[in-house]
Amino acid sequence: MSGVHGGVLRGVRVVELASWTYVPSAGAALADWGADVIKVEGVSSGDPGRALVVGGFTREAARPDADFILELGNRGKRSIANDIKSETGRELFGRLLASADVFLTNWLPGALERARLTVADIRSFNPRIIVARGTGLGVRGPDRDRGGFDAATYLARGGVAYTLTPFGSETPAVQGPGFGDLQAGATLAGGVCAALFHRERTGEPTIVDSSLLAQAMWSIAPSISAADSSTSTASRGRRRAWPSTRWSTGTGPKTAGGSSWCSCSRTSTGRASAGASAWPNWPTTRVSSRRAT
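Quick note on numbering: full-length UniProt numbering labels position 40 of the sequence shown as 40, and the sequence is numbered without any gaps.
The reader is advised that the hints may include incorrect statements.
As the list claims (entries may be wrong) - Here are the simulated lysine to aspartate or glutamate pairs, DMTMM-like style, with alpha carbons at most 20 Å apart:
#, residue 1, residue 2
1, LYS85, GLU41
2, LYS85, ASP121
3, LYS85, GLU113
It is worth saying that the hints were derived from the structure and are not from the lab. What you are looking at is a predicted structure, and each value in this text was computed from that prediction instead of being measured.
Sequences and hints are given; from them, build the entire structure.
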């Protein structure tokens with residue numbers, strides 16, 4: 001998993017001790033931006049994402065030489081198999097950390113403590129290293145050591161499924177593979193870049209923490225704010241729909257379901273404020289003259 005290291009993060013080294021998709025996708029983004037990302041995997045099993053079966057794909061039905069989910073989260077990296085629990089493996093891991101700018105991991109707090117990889121332990125190898133951690137439910141509180149995939153901690157517990165579920169339906173929305181992982185990974189990668197900038201300016205290494213739950217709450221922040229400011233409450237399965245802002249254009253290319261659609265906002269003058277690039281007449285068309293569907 002090697003790549004050409006050029007770009008804005010050229011010269012930055014990241015040591016990644018992470019599995020599955022969320023945190024590895026942050027490493028992939030950093031590699032895309034030029035960082036030298038070294039993925040450390042266990043000797044006996046490696047990243048369990050290598051054996052992931054998603055969306056009906058099996059190794060017999062899919063390409064025999066690749067796993068598409070693994071590739072999404074691990075492109076552009078170098079990798080090494082190392083038993084960090086052994087004396088020799090820990091020494092090698094320490095040498096990697098000593099040469100790195102960032103330590104990136106999805107290990108839970110308790111696991112890091114048992115492996116002697118707390119922030120203090122990591123910085124005993126390299127006092128200037130930035131520590132970036134991505135978890136399911138955060139590193140504080142009673143659930144700090146409860147792991148979780150994005151379908152549970154992002155979609156379900158984070159409230160995203162409730163927001164996306166059609167009004168009146170009692171069956172929660174189903175996400176595609178890695179839906180919350182990739183969003184949260186991009187946020188974590190951005191946090192790492194901010195930490196690198198901070199260290200460049202001040203010389204101070206920082207800790208970057210993010211979680212799938214936090215990403216979910218940010219993703220639906222407008223809905224949370226709306227619920228907080230509303231004077232009414234809605235029972236489960238009986239939410240009121242927002243006023244429709246979708247109109248059938250009656251023109252343009254046909255979609256799989258029939259006519260083309262346009263979504264727009266009503267301005268103070270009663271005119272549509274979106275869709276101008278696709279439908280030039282919309283800015284001069286009063287919304288009230290269009291039938292909401």
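Hint-by-hint comparison with the structure:
Proposed proximity of LYS85 and GLU41 is supported: the alpha carbons are some 12 Å apart, at most 20 Å. With a CA separation close to 14 Å, the supplied pair LYS85 and ASP121 stays within the 20 Å bound. For a cut-off of 20 Å, the pair hint linking LYS85 to GLU113 stands: about 12 Å separates their Cα positions.
The earlier numbered hints are all upheld by this structure, with none contradicted.
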